[in-house]
Amino acid sequence: MLHIIRVSFLSLILCFLIPSLAKAAEVSDQKIFQARMNLYKSLEAATQIPWYYLAAVDHYERSLRSARTDLPKPTGVTGIYIPPEKWSGWLNPNHFDDHPLSILIFDGMGVDGNGDGKASLKEDEDILFSFAHYILNYGIDDDHFRMALWNYYKRDKAVGLILEKAKLYQHFGKLDLNQKAFPLPLRANYSYRSTWGDSRGWGGKRVHEGTDIFADYGVPVKATTYGIIEMKGWNKYGGWRIGIRDINNTYHYFAHLSGFSKGLKVGQIVEPGMVIGGVGSTGYGPPGTSGKFPPHLHYGMYKDNGKREWSFDPYPHLRTWEILEKKKRK
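In mature numbering (1 follows the signal peptide of the UniProt record, and there is no 0), the protein residues as written are -24 to -1, 1 to 306.
Any given hint could be a false lead.
[Claimed, not checked] In the BS3-like style, the derived pairs of lysine-lysine whose C-alpha atoms are separated by at most 27 angstroms in a straight line are:
#1 K17 <-> K94
#2 K133 <-> K156
#3 K49 <-> K133
#4 K304 <-> K7
#5 K17 <-> K198
#6 K156 <-> K268
#7 K130 <-> K304
#8 K156 <-> K279
[As the list claims (entries may be wrong)] What follows is a list of derived Cβ distance ranges for each label pair:
#9 Q146 <-> G267: 37 to 47 angstroms
#10 G264 <-> K49: 40 to 50 angstroms
#11 H109 <-> V183: 44 to 54 angstroms
#12 H109 <-> N211: 37 to 47 angstroms
Just so you know, the hints here were simulated from the structure itself, not pulled from any lab data.
Ideal placement from N, C-alpha and C gives every residue a C-beta, glycine not left out.
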């Protein structure tokens, strides 16, 4: 009984505290977004590289640095990390060299972007302009931009993720694409608990990589984020399923659907709250298999850090989105 009271009290606190903190963070975030957009736009004017290309690279790098421990956390407006050896030149005896001429002699990436006579890894303008200068060596059209990215990252997935981000930024014309939505209508009769990491037996021993949200058959399933549909179709475990990649390299996985919304296709841009399908009980067999378990939405989240992708527990995120959405309705 005491445990129930504590959980209820905590939920009550969260209902009031989360929206307040979110509002304060939103004000701060808007200032950061504006500062970044000003930087991208000024570089677009100087280099003719579309701002959404620069924004996509910058945010991809920022996402990597937030997901990995082997990279330093960003301290400025830009998120791009260029190793000192690459900045100054691999054969440069001074890896923290900020003299444009000596960096050029040693074939480093560093360029003076703000006109102060130095090419500093501590200056946002220098960092972003240096990457823009690298892109200009290839060209600013789509094909050459793609080529520049591949030669820099040497990873097809990195190129794909950056191009997806650029597509989202170009489509919406803004940087703030972090809004989320709970995947089912709040008026629906649903229930869920944390089931990530639980064991599963069908098809061999494995662990559950998501949270199951039980609801009536056919209840609408909504996109939880701004993103692009990377996958749509059948899987013997997940049945009819959809995968959406958001702006932060997070992959949102919706499985066991009864079907898809009409016209939905791979490569399509979605936004929070957009209906993408319905709750079902498909899976555990060949295409069309259904009814081997009660209808529910399997919702999973996966993170890409530039080297690999892994599953993490979506339950805390679902609870937060649910609380915020309920607060907005009041």
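Each hint, compared with the structure:
no.: 1; hint: K17 <-> K94; result: 22 angstroms, holds
no.: 2; hint: K133 <-> K156; result: 24 angstroms, holds
no.: 3; hint: K49 <-> K133; result: 22 angstroms, holds
no.: 4; hint: K304 <-> K7; result: 23 angstroms, holds
no.: 5; hint: K17 <-> K198; result: 33 angstroms, violated
no.: 6; hint: K156 <-> K268; result: 31 angstroms, violated
no.: 7; hint: K130 <-> K304; result: 44 angstroms, violated
no.: 8; hint: K156 <-> K279; result: 16 angstroms, holds
no.: 9; hint: Q146 <-> G267: 37 to 47 angstroms; result: 43 angstroms, holds
no.: 10; hint: G264 <-> K49: 40 to 50 angstroms; result: 48 angstroms, holds
no.: 11; hint: H109 <-> V183: 44 to 54 angstroms; result: 46 angstroms, holds
no.: 12; hint: H109 <-> N211: 37 to 47 angstroms; result: 44 angstroms, holds
Comparing the model with each earlier hint shows violations of hints 5, 6, 7; every other hint is respected.
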